[in-house]
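Trainee: Residue numbers (this note's numbering), protein chains in the order written: chain A, 5 to 289; chain B, 5 to 289; chain C, 5 to 433; chain D, 5 to 433.
Keep in mind the hints are simulated off the structure, nothing from the lab. Treat each hint with caution, since some may be false.
Stated by the list, open to error - Examples of chain D residues lying across from chain C (beta carbon under 10 Å, computed):
| id | residue |
| --- | --- |
| 1 | G57 |
| 2 | P62 |
| 3 | A124 |
| 4 | F151 |
| 5 | K161 |
| 6 | P162 |
| 7 | A289 |
| 8 | V291 |
| 9 | Q368 |
| 10 | T369 |
Don't be surprised by glycine CBs; every beta carbon is placed ideally from N, CA and C.
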Amino acid sequence: MAENEAIAAAFADGPAFIPYLAVGDPDYEASKAYVEALARGGADIIELGLPFSEPIAEGSTIQNAIVRALEGGMTPSRFFEFVTELDVDVPLVCMTYYNLIYQYGRSRGGAPGPDAFVERAAEVGISGLVVPDLPAEEADPLREACDDHGLDLVFIVAPTTEGERLERMMERVSGYVYVQARLGTTGAKTDVSDQTTRSLQRLSEWDVPKAVGFGISSGDQAARIVANGADGIIVGSALVDIVAEGASSERPVEETAAELEAKARELAEGTREGAARRSPDVDAI
Amino acid sequence: MAENEAIAAAFADGPAFIPYLAVGDPDYEASKAYVEALARGGADIIELGLPFSEPIAEGSTIQNAIVRALEGGMTPSRFFEFVTELDVDVPLVCMTYYNLIYQYGRSRGGAPGPDAFVERAAEVGISGLVVPDLPAEEADPLREACDDHGLDLVFIVAPTTEGERLERMMERVSGYVYVQARLGTTGAKTDVSDQTTRSLQRLSEWDVPKAVGFGISSGDQAARIVANGADGIIVGSALVDIVAEGASSERPVEETAAELEAKARELAEGTREGAARRSPDVDAI
Amino acid sequence: MSTDGKFGDYGGQYVPEALMPAIGELDDAYQRYVLNNEDGFMDEFRERLADFGGRPTPLQRADRLSERYDLDVYLKREDLLHGGAHKLNNALGQVLLAKYMGKERIIAETGAGQHGTATAMAAAHLDMPCTIYMGERDINRQRPNVFRMKLNGSDVKPVTAGRGTLKEAISETMRDWAATVESTHYVIGSVVGPHPFPAMVRDFQAVISEEARRQAQEKIGGLPDSVIACAGGGSNTMGTFANFVDDDGAERSSADDPSGDEPRGRVDLYAVEAGGSSLAVDEEAGVAPNSASLSTGEEGVLHGARTKLLQDSFGQIMESHSISSGLDYAGVGPELAHLVDTDRVTPVAVDDDVALEGFHRLSQTEGIIPALETAHAFGYLEEHHAELSGSVIVNVSGRGDKDLQSAIEETDARDVPNAPDMSMFAEGI
Amino acid sequence: MSTDGKFGDYGGQYVPEALMPAIGELDDAYQRYVLNNEDGFMDEFRERLADFGGRPTPLQRADRLSERYDLDVYLKREDLLHGGAHKLNNALGQVLLAKYMGKERIIAETGAGQHGTATAMAAAHLDMPCTIYMGERDINRQRPNVFRMKLNGSDVKPVTAGRGTLKEAISETMRDWAATVESTHYVIGSVVGPHPFPAMVRDFQAVISEEARRQAQEKIGGLPDSVIACAGGGSNTMGTFANFVDDDGAERSSADDPSGDEPRGRVDLYAVEAGGSSLAVDEEAGVAPNSASLSTGEEGVLHGARTKLLQDSFGQIMESHSISSGLDYAGVGPELAHLVDTDRVTPVAVDDDVALEGFHRLSQTEGIIPALETAHAFGYLEEHHAELSGSVIVNVSGRGDKDLQSAIEETDARDVPNAPDMSMFAEGI
Ligand SMILES: Cc1ncc(COP(=O)(O)O)c(C=O)c1O
Ligand SMILES: Cc1ncc(COP(=O)(O)O)c(C=O)c1O
């Protein structure tokens with residue numbers, strides 16, 4: 005399995021802060037400003053959501069973001085264009101649903117299958133993919149395409165993932181593993197489940213970084229999770245909430261961008277702080 | 005079987021004109037004026053409808069008259085009072101449904117059964133009864149009460165009445181027989197069915213007068229029917245129509261009464277004329 | 005039953021003379037086709053009931069109600085019959101009989117529209133032109149049912165006379181029949197009217213208890229201790245009771261009961277009437293705020309038969325009232341009146357509030373939304389289960405889809421202890 | 005079917021990781037209880053389907069349609085099932101399975117409300133707390149069904165995200181399930197979703213064709229020549245086809261068909277999709293004015309399975325459209341997609357106009373008012389009967405009571421040659 009260097013580098017200096025936004029929410033230009041604000045705020049990697057019409061794995065916050073983005077005209081082509089135009093220098097991971105990956109070749113006049121999408125993603129400088137509706141069992145064609153084009157394929161491990169299924173993922177994952185902090189779908193929550201700790205323990209043998217997501221909304225939470233052993237922090241809904249507020253209050257894009265940057269900074273700092281607080285004990289996991 | 009003398013007398017001088025009105029339509033006083041107008045117009049017998057809440061044998065004209073009368077507060081007691089107060093000197097026949105006859109005793113604190121009603125009817129000077137929902141098969145108790153109190157019991161013969169059923173009626177009828185001119189329920193129609201002729205033929209052996217009703221509305225029709233052998237003419241809806249118009253246009257009672265009187269005169273004259281036109285042939289039936 | 009159509013003093017044929025030949029002809033057809041299965045009439049009827057109607061309907065043990073009441077509660081599922089109520093048993097029987105009689109046209113009256121829709125279905129199925137008379141006011145209250153009849157190809161004639169409700173529709177249908185008896189059959193909707201209707205409609209509906217009795221042998225292993233059915237005109241009641249009436253616990257000589265070896269048990273029969281808002285009456289206004297003619301009515305003559313009636317002391321028929329339009333009738337079948345007088349059937353009444361509670365009870369605990377008529381039987385069970393013991397069959401005479409709007413309004417208008425939160429339906433559905 | 009839940013290339017388990025253990029557990033329960041009848045699960049299921057659901061439903065010869073089309077038309081009467089549609093077969097099976105699995109709570113999504121009402125009924129019957137997710141817009145369009153669910157004691161949760169329709173409700177239900185998998189079973193409403201749902205729902209619905217095949221032997225004296233069913237997600241379709249799929253007319257070695265002596269006949273299977281207003285699509289707007297995914301869709305992944313979909317060239321799912329809300333879905337069961345690709349099932353589409361004509365046809369000539377979904381099958385029969393011969397079974401998947409208002413509006417909006425005069429319903433019912 006190829007490992008994407010940019011992603012590996014992002015984890016090299018300690019735990020990574022990985023924010024998520026839906027691309028095109030609420031429109032193309034604003035979205036670009038927001039992603040760039042995240043980078044300024046200290047993102048180590050950015051997960052870019054390519055909106056799919058049936059986002060079954062998302063909480064309502066992100067679902068609504070996706071609706072806004074689709075209504076704003078976002079498509080896979082526009083998404084790639086967006087990435088090309090983006091002025092950030094952190095690795096980018098595309099988060100989307102399998103049907104968009106599978107059909108992309110067809111939209112280019114070719115056959116369906118993941119290769120065309122991955123090829124184009126690599127071309128525009130995407131470093132990895134997260135596909136929430138693609139379990140390891142169905143992932144081989146995509147894993148192959150990623151290998152061919154040097155992309156990482158990130159899997160999500162749920163609190164309930166165990167045994168054989170864990171094995172199957174471990175064999176296929178690269179870049180980092182997305183550790184789902186608790187059951188449920190995405191959405192900002194204030195509790196930091198101790199399922200997280202148990203999940204991190206179960207993954208202790210894996211040699212990829214473990215990034216924890218689902219429901220993280222403050223620097224303080226980020227710090228505690230990293231202190232508990234996470235190699236990264238993934239934050240989506242808490243940021244999308246800021247975009248949603250900006251969209252509904254129609255305030256200037258710059259103001260929303262500034263708020264996003266501030267929030268990113270809080271989370272990035274939390275991440276660093278957590279690393280500093282980490283007990284030798286935890287390090288050993 | 006007793007024969008009521010007043011009714012016999014009414015047929016003695018030739019065919020009788022027998023108008024019908026619902027008592028209390030649209031109110032007590034007006035109704036009295038209307039019945040008296042019919043007497044002045046030349047009625048030989050008057051059929052007084054005592055309104056029942058479920059007049060299943062009536063056409064909509066008379067049904068609506070009954071609704072008006074009931075809304076005006078007509079009851080069996082008031083009906084008898086009405087008859088007492090009435091200033092006419094033709095025989096009166098009460099037309100009503102069996103339940104009112106049957107329950108009257110109960111309303112006086114006695115047992116149900118027809119006797120109390122018939123007794124009271126005799127008291128106020130009623131000469132006969134027509135009960136459209138009482139077939140001969142169920143009529144014995146009422147026939148007995150009528151015998152006890154000197155009232156006639158009139159039956160209705162339909163175009164479809166034949167054989168055994170005719171026999172049964174013939175055995176129980178007194179006063180006159182009401183020959184239903186055609187199938188259907190009451191209501192003013194312009195056609196004079198030749199079913200009438202056939203019915204009259206079927207009844208030729210009966211020794212009671214044969215009065216034809218259902219749908220007669222003009223002096224001309226009356227004349228033709230009498231010329232064809234009828235001993236009497238019964239007219240209801242055509243007269244009720246005049247009352248209904250009076251009620252809906254709210255014109256003075258005297259005007260409506262005058263119109264009723266004129267219509268009665270037309271029908272009475274038609275009846276006499278028909279008698280004059282009667283061929284010896286028809287007389288022989 | 006004697007052949008003159010009398011049940012004790014009840015029954016008979018109190019109809020206008022013009023209709024006598026028609027009911028005579030009908031009586032003849034009833035004897036030949038229904039009682040003697042001439043030309044295989046009953047076989048065809050049963051076959052169509054099965055294939056078109058969906059018979060047999062199940063006898064279902066109601067596990068949760070059984071537990072709640074510490075009884076063995078069984079439901080006879082007439083709500084599953086095509087059209088959603090027992091009404092089709094009768095409508096199909098009569099329309100088929102009309103065909104055997106060579107009639108070319110069907111007429112019927114309807115109040116709430118249940119009998120009208122059943123008749124319209126049967127007429128479409130058997131390719132008989134059909135006219136349904138319905139009071140104009142009822143038409144406006146029951147538009148979905150009117151629409152269903154029209155969809156089935158029936159002609160729905162609004163009756164504007166009087167108050168535009170069931171009784172005017174009955175008169176209008178009689179009027180049509182009186183004018184068209186030769187070509188037309190009048191499909192009466194319950195065990196009411198002149199003989200042979202009460203006996204004939206009972207016989208068509210008796211399939212309910214024929215099945216239930218057989219199913220009880222299989223499921224209960226014998227006879228039920230009690231049978232409960234709601235009573236409007238009484239057709240589902242008589243249908244549900246018919247095959248249990250002889251299970252009266254009386255000793256029988258072998259002449260009465262040639263089968264001999266199976267001693268008759270005792271099955272208690274409860275006819276649940278609509279108690280409305282009160283069993284009291286307002287004589288002055290001519291209004292009974294209930295439809296409890298078996299419990300409170302007096303003998304009289306209505307719509308062709310002698311029976312128990314809601315009437316004032318003069319014999320004027322009172323306006324009846326019930327939350328359920330199908331029970332809202334001032335009379336009741338003459339046979340039922342007779343069975344009450346002879347103590348074979350116990351008449352009981354359940355008021356609107358208790359009926360609504362029964363409606364919600366069955367919906368929530370058994371997943372069956374009953375008609376408001378049927379709900380009365382379950383209201384009775386809820387209130388009086390302690391007086392019952394052993395096994396009880398309750399007839400689910402119909403489903404409640406037709407009553408959703410009423411259920412909302414009526415639940416909203418009172419305090420029903422077990423109703424769900426319905427705030428979102430305050431404006432109706 | 006292979007054990008990995010694939011039908012050819014279709015099917016699979018494309019779900020968020022958090023749900024994988026739940027569908028694994030479900031697959032295990034499916035194998036044990038459904039396929040191997042462990043603890044007598046299937047016996048109890050069949051018994052409850054009979055007693056509570058009203059099975060078997062009749063196979064009725066439609067005399068008048070048969071004459072009209074010069075065919076032997078038979079109706080499989082799923083409209084007589086409790087609740088008024090085939091949906092209960094599946095809902096009852098899944099709620100009972102959840103009980104066997106020790107789950108304490110049921111969730112389901114619903115669009116038009118048919119699956120929601122069936123699930124609410126089954127949950128009340130089996131005493132399972134139940135939450136139904138329904139888009140807010142759908143709630144406003146289907147208030148009677150919402151009320152029925154509430155009457156049955158279910159909690160109906162409005163979904164306000166997105167456009168407030170079925171797809172948002174599915175997402176919300178998945179979300180609930182993802183958070184509660186340990187205690188909760190998600191009752192999917194058709195043969196869609198990740199394995200084992202398509203196979204399991206088919207097996208629960210297969211009782212339709214199990215009965216129909218047996219009834220056909222009795223009534224037709226053999227196999228029908230054709231079987232027709234409408235297809236939305238495809239559950240009634242697969243249920244109606246399941247036991248006829250092997251009647252493909254192919255020669256079989258005795259190893260394939262151990263019964264040997266009865267040579268397999270050929271039964272043609274027609275899946276009738278909603279052709280909506282047109283089979284063309286508007287890629288720009290992301291709208292397909294139809295729901296004909298079998299006839300016009302492309303392979304893709306939706307709601308957990310690979311199947312045929314209505315999608316734009318990028319793979320975004322299109323908004324589908326149909327006069328009948330129950331067919332209005334952009335996907336279809338993966339097994340059906342496979343049977344179409346292997347030429348065992350013929351997909352056909354019928355547009356809104358023709359479906360309405362079918363609706364009125366069945367109502368008028370047979371006295372059965374079908375669901376608008378079902379009406380598509382009769383629209384097909386009306387248009388294409390000349391291409392059929394011999395005997396045809398049409399599945400009457402549901403009754404039309406739920407569709408009266410739509411039928412009025414849609415009939416009013418176009419020129420339906422056989423519609424009754426509906427002027428009095430211009431304002432609705
Ligand atoms: C469901 C249901 N049950 C009962 C009745 C009452 O009628 P009957 O007493 O004749 O069964 C009706 C009448 O419409 C009804 O629809
Ligand atoms: C009566 C009826 N038929 C058909 C369908 C379509 O579903 P399926 O294709 O899963 O049978 C529905 C869905 O609600 C329905 O209610």
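Trainee: For a quick check of understanding: which of the numbered hints are violated here, in increasing order?
Mentor: 5, 7 and 8
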